[in-house]
Structure formats: C-alpha cells, structure tokens
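Could you build all of it, start to finish, from the sequences and the hints given here?
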Amino acid sequence: AQSVTQLGSHVSVSEGALVLLRCNYSSSVPPYLFWYVQYPNQGLQLLLKYTSAATLVKGINGFEAEFKKSETSFHLTKPSAHMSDAAEYFCAVSLSGNQFYFGTGTSLTVIP
Amino acid sequence: EAEVAQSPRYKITEKSQAVAFWCDPISGHATLYWYRQILGQGPELLVQFQDESVVDDSQLPKDRFSAERLKGVDSTLKIQPAELGDSAMYLCASSPNRGSPLHFGNGTRLTVT
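Sequence order for the protein chains is F and L. For the first sequence, counting from 1, position 96 maps to 137 in our numbering; every step adds exactly one. For the second sequence, counting from 1, position 64 maps to 524 in our numbering; every step adds exactly one.
None of these hints come from the bench; they were simulated from the model. We put the CB at the ideal spot given by N, CA and C, even for glycine. Misleading hints may appear alongside valid ones.
[Stated by the list, open to error] One-sided excerpt, in silico: chain L residues whose CB lies under 7 Å from chain F:
id, residue
1, Q501
2, G502
3, P503
4, L551
5, R558
6, G559
7, P561
8, F564
9, G565
10, N566
11, G567
[What the hints assert, rightly or not] Each computed SDA-like pair below joins lysine to any residue, with the alpha-carbon atoms no more than 20 Å apart:
id, chain 1, residue 1, chain 2, residue 2
12, F, K90, L, P556
13, L, K475, L, P541
14, L, K538, L, E504
15, F, K99, F, N82
16, F, K110, F, A94
17, F, K90, L, S560
18, F, K90, L, G559
19, F, K90, L, E463
20, F, K90, L, R558
21, F, K90, L, E461
22, F, K90, F, E105
23, F, K99, L, G559
24, F, K110, L, A465
25, F, K90, F, F108
26, F, K110, F, S137
27, F, K90, L, T491
28, F, K110, F, T96
29, F, K99, L, S560
30, L, K475, L, A548
31, L, K538, L, D511
32, L, K471, F, N82
33, L, K475, L, D534
34, L, K471, F, Q83
35, L, K538, L, F525
36, F, K90, L, L544
37, F, K90, L, H489
38, L, K538, L, W482
39, F, K90, F, G103
40, L, K471, F, P81
Rendered as structure tokens:
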C-alpha cells in the first residue's frame, strides 16, 4: 500500500527565511506526487505536481520541490518565507493516477 | 477559472439526525471524490466515482453513509443517522483524467452536537 510521511507536524520560520517541508513516500515505482496548501476553512489548492518530466518542479507562489528517487522524498522549499505562506501543507501520492493518498499535513507558521 | 462547488459551507446538526452535502464538480471532470478531513489530519477518501459508477467505497461506513452521482455530474453525500464522531470537514474533489491533480471545493464543515 502507498503511504506518505510528512516529518514535522508544525514548522516555524522567520519571515524571509528558507522554508523546508519534508515528504517521504513508500512506493516501489515512482508515483505521481503533489503538494497542496490549505488555508483555514477552505479546500486544498494545488501548489505543484511531479509526473516524471523533471525532478525539480516549480509551483505557484515561489514554491518548488525536488523528486529524489534514491531517498523516496519530495520535499517542498521556498527561498524566502512570506507572511501569506502561513497555512497547512499536504503532500499527496498517487501510483495509479486515480487514487490519491495524503499525508497528515504540516502547519507552517511565519514569524514576523 | 472553473471551480468545484459545494454546499452548504457549514452545517450544524444534532446526533441521530440526517444530513446531506452536495457537490458540483468542474464541467467535464469524469472522476469525483468525497473526502473526510478531521481537524489536524489529512483528507481520507470516502468514495470515488467514475462518471456515475462507484469505483472505490471501501472506506465508506455504509451502515450510515451513502453517496450517489446519478447522472454522472453532481453528487450527494448523506449521513443518517449522524454521530458525534462525524464532525469533520467534508471535501469534494474532481479530476478530468488519470494522472491529473485533484481540484477541491471549499468543503462543508459539519458539527454534530
């Protein structure tokens, strides 16, 4: 069975600092990988997706993620945090492209 | 940009009552998903439709939950009777085809008292 592990349920960074949110997956073959962001009382919004075209994926709002097969990781980064980045972030994996499994989420706090 | 529509946004109901949620996916999206998200957790799949057919309802508590997508477009999720543990955000998502990301609605926040 597929699973997604997000290390760190809460991450705090200072405004302007590097954001690093960790995601590891368990799959014997490279799956489809996604990062979503969720603001309070809203649905999930796609940040970026990996579908085997390139290992470094650029998304919206300055976020990017790197697929590392050897580490089964898909960590999300942003060079400089902004106050508006404070939200819940979810990593998701799909092997079939039809069934999606979500991590437990990482709450990002940005300190002014 | 087209959006997934859900209603109501908020619902408060007493335990043992019936409650229903509605979802209208993005036009042309064949696959529709209902997820439940408990506070502080990630979304968990309840049911997945391909057009009007259920393709996965293995995690749907069928003694109290039901879902339908009669014409392969909009969908309704029902709970009867509601229990305190059903309090959660119910999210609807749709996807146009295999490998495409999910598009989520804003969800229905259910509180059972």
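Against the structure, the hints come out as follows:
no.	hint	result
1	Q501	holds, 6 Å
2	G502	holds, 4 Å
3	P503	holds, 5 Å
4	L551	holds, 6 Å
5	R558	holds, 4 Å
6	G559	holds, 4 Å
7	P561	holds, 5 Å
8	F564	holds, 3 Å
9	G565	holds, 5 Å
10	N566	holds, 5 Å
11	G567	holds, 5 Å
12	F/K90 with L/P556	holds, 15 Å
13	L/K475 with L/P541	holds, 7 Å
14	L/K538 with L/E504	holds, 17 Å
15	F/K99 with F/N82	violated, 26 Å
16	F/K110 with F/A94	holds, 13 Å
17	F/K90 with L/S560	holds, 9 Å
18	F/K90 with L/G559	holds, 10 Å
19	F/K90 with L/E463	holds, 19 Å
20	F/K90 with L/R558	holds, 13 Å
21	F/K90 with L/E461	holds, 19 Å
22	F/K90 with F/E105	holds, 9 Å
23	F/K99 with L/G559	holds, 18 Å
24	F/K110 with L/A465	violated, 36 Å
25	F/K90 with F/F108	holds, 10 Å
26	F/K110 with F/S137	holds, 17 Å
27	F/K90 with L/T491	holds, 18 Å
28	F/K110 with F/T96	holds, 9 Å
29	F/K99 with L/S560	holds, 16 Å
30	L/K475 with L/A548	holds, 14 Å
31	L/K538 with L/D511	holds, 19 Å
32	L/K471 with F/N82	holds, 13 Å
33	L/K475 with L/D534	violated, 26 Å
34	L/K471 with F/Q83	holds, 15 Å
35	L/K538 with L/F525	holds, 6 Å
36	F/K90 with L/L544	violated, 36 Å
37	F/K90 with L/H489	holds, 18 Å
38	L/K538 with L/W482	holds, 9 Å
39	F/K90 with F/G103	holds, 14 Å
40	L/K471 with F/P81	holds, 16 Å
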